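Student: Take a look at the letters that make up each chain.
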Amino acid sequence: MDFGPYFLLASLEGAVGAAVLAVTALGLSLVFGVMRIVNVAHGEFFMLGAVIAWWVASLIGIHPAIGFLAALIVSPLIVGALAAVAERTVLTRLNYDPEATIVATIGMLYVIQQAVLMTYGPDARPVQPPFDFRIQLPWFGYSAYKLFVIAAACLLLLGVWWGLTRTRIGLMMRATQFDRETARAFAIPVDKVYGGVFAFGAMLAALGAVLVVPVQQAHYLMGHDPLLLSFIVVIIGGLGSLRGTVLAAVIIGMSDGVISVFFSPTLAKIIATLVVAFVLVWRPQGLFGERPA
Amino acid sequence: MREIFRPDGGTALHLGVLIVLFALQFALSDYHHINIARIMVLACFAMGYNIAFGYTGLLSLGHAMFFGAGLYGAGLAAQFAAVSGPGAFVIGLAAAVALTVLAGAVALRTAGVSFMIVTLMFAQAAYLTIYYFGEFTRGDEGFVYPDAMRTLFGLELIEPTVRYTVAFGLFAICLIASFAVARSGLGRIFVAVRENEDRARMLGYDVYRMKLLALTISGAMAGAAGAAYGLLFGYVGASFANIEYSIYPLLWVLMGGAGVVLGPLLGTLAMFYLVDVTSGFTTAYLLVVGAALIALILFFPKGVLGTVREKLGARGARWLP
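For the protein sequence lines, the chains are Y and S, in the order given.
Under this note's numbering, the first residue of the first sequence carries the number 2, and numbering increases by one thereafter.
Under this note's numbering, the first residue of the second sequence carries the number 18, and numbering increases by one thereafter.
Be aware that a few hints might be false.
[As the list claims (entries may be wrong)] Not the full set, but computed from the structure, chain S residues with beta-carbon under 10 Å of chain Y:
no., residue
1, Tyr48
2, His50
3, Leu76
4, Met133
5, Gly151
6, Phe153
7, Thr168
8, Leu172
9, Ala194
10, Ser201
11, Val305
12, Ile314
[Stated by the list, open to error] Simulated crosslink set (DMTMM-like; lysine to aspartate or glutamate; CA at most 20 Å straight-line):
no., chain 1, residue 1, chain 2, residue 2
13, Y, Lys270, Y, Asp226
14, Y, Lys193, Y, Glu182
15, Y, Lys147, Y, Asp124
16, Y, Lys270, S, Asp157
17, Y, Lys270, Y, Asp257
18, Y, Lys270, S, Glu261
19, Y, Lys147, Y, Asp257
20, Y, Lys270, S, Glu152
21, Y, Lys270, Y, Asp98
22, Y, Lys193, Y, Asp98
23, Y, Lys147, Y, Asp3
24, S, Lys328, Y, Asp98
[Said to hold, decoys possible] If you want the footprint, here are the derived chain S segments under chain Y, 3+ residues with CB under 8 Å:
no., segment
25, 117 to 129
26, 139 to 149
27, 259 to 267
28, 271 to 282
Hint data in this document are derived by calculation from the structure and do not stem from the laboratory.
Only a predicted model underlies this, so the values are computations on that prediction, with no experimental measurement involved.
Cβ coordinates follow ideal geometry from the N, Cα and C atoms, glycine included.
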C-alpha cells in the first residue's frame, strides 16, 4: 500500500479533530485562565451543545442546512444561558474557591448527564450534515463537510482572537486575567466579566459540539473525552495563552489522528500520554506559558 | 509519641470513632455489613489521598494508578504465582510504593496544574498498560480473585466477620497513622509546604523531599487499600485504575474536609450511602447526587468537617487535626 494516501487521510481526520478540540479547549482556556477555576462540567456543556443541536435540527427538519444553521445559533445560546445561571446561583456564592468549585462542577456534571439521559435517552443520534458531497482529492474523495468544519473552526478562532485583542470587552477580560484586584480598582466589573467568561466558555464548547455532531453522533456520555483532552491541551499550551491552547490542540489533535491510523492503538496511546507528561516535566509552565515569578 | 496521643478531646474522638466502627459489625444487617467493610477500605484510599492533597497540597489526578498497583500486584501474584493473603498484600503494597516513588520523583518536578496533568497522564498510561497486557490482566472484564488464595494466616477472608475485622484493622492502622502524621512535626512541615513553599524552603526544609515523602505515604495507603480490596471483595479489574478512581478520592476528601483526619471517612461514607439510598428509589439517582453535592458545598465550602473545624476555632483544631 502507498504511504501517501494513508498519510493524507490521517492528517485530514486529525485536522478535523484538532479543529473541534481547539474550539472546545479555547472555552476551557478562557474559564481557566481568567477565573482560575477548573470547570469539570465543561465536557457536559459540549455534550449539551450536541444534544440540543440534534433536537433543534430534528424540530425544524425542512432542509438539513436550515436545521444545522438554526442549531449553530440556538444551541450555544441555550448552553450559554444555562452556564450563566449556574455561575450566578452556585459559583459566585463559592467565591470561585478552586476546591469548592471542583465539587460543585462535578455536581453539575452529574445533574446535566442524568437530565439528558432522562429526556434524550441512552441512544446515539446523528444530525444530518448541512451539505453532503465529496471533494475529489488526489487519491480519494473527502467529505466537504469535514473540510468545512476545519474552515469554520479557523474562522471562530480568529473571531475570538479579534474579540480579545481588539475590543473593549476583550480588554476587560485580559485585565481581569492579569490582575483581578487592579482591574477592580480601574472600575472593571469583575463579577460581570466572570459571569460572561463562564457563559462564553460554555458557548464555545457548544459550538465545537454543533460542528462535530454531523460527523460524530450525539450521545449523553460524549462529554468525557473532550473534557480530558481540552484540559490537557490548556495546560500543555500554557495557562492563559490562547496561542498556546490552539497550537497544543493542533499538535495533539493531529498526532491523535496520525497515530491511530499507523500504529497499534494501545501502545501508541501509552507512548503519546507519556510524551505529554514529559513535555510538562520539561516545561512545567507549558509551551507558551509565562514562568511564574 | 506521648505528645501525639496525649489524652485530650482529639485522641478521645478518634478512639471513639474506631470503637463505634468495631462495635457496629454486631449490629449491622448482612447488606450494611459488607457496605461498611467496603467503605472502610475505600476510606483508607481516601485517607492516603488526604495526606498528599489535604495536608501537603499536592492535587494529584493519578491516584487510581496507586490503588490499581496494589490491586493488580496482589491479584496477579495470587492468580499466577498462587501467593496467599499476606504475601499478596505485601507484593501489592510494594508495587504501589515503587510506582509512587518512581512516578512521584518525576511528577514532583512540576507543581500546581502541571502536576495535575502529569499525574493524570501517568495514570492514563498505567491504565492503558493494563489493557496492553490484557492476556494476563483481562482488561475491563477483569478476573475473579482466586478463592483459594483469599486466606490470611489460615483465616478465610470470604467469611463476613473475618472480612469486616480485616477491613477494620487496615482502617485503624491508616487512621492512626494519619492522626500521628497530622499531629507530628512532620505533618506541620507538610502543611507549611502546602501553605507557602518558598517560606518552607527558606526555613531550611527540602521541599522536594518532603513532597516525595508525603506522596509515598499517600501511595502506600492507596496501594494497601487496593490490595485489600482485591483480597476482601474478590475481584480485580481495570475499571479500578480508570480516571474515575482518581476523581473519587478527591471528591470524598473534599466533601468530608481536606486536611482533616476524619474527613475522608465521612466523605466516603456520605457519598457511598448517598448513591446507595437514592439509587434505591429512583433510577435518576445521579440527579439527586449531583444536586446534593452542590447543596453540600454551598453550605460547607471547606467540606463538612473542614467547615465545622473552622467554626469551632481553637477547639476545632484540637479535636479535628
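Student: Out of the numbered hints, which ones does the structure contradict?
Tutor: Hints 1, 2, 6, 7, 8, 9, 10, 15, 21, 23 contradicted; others consistent.
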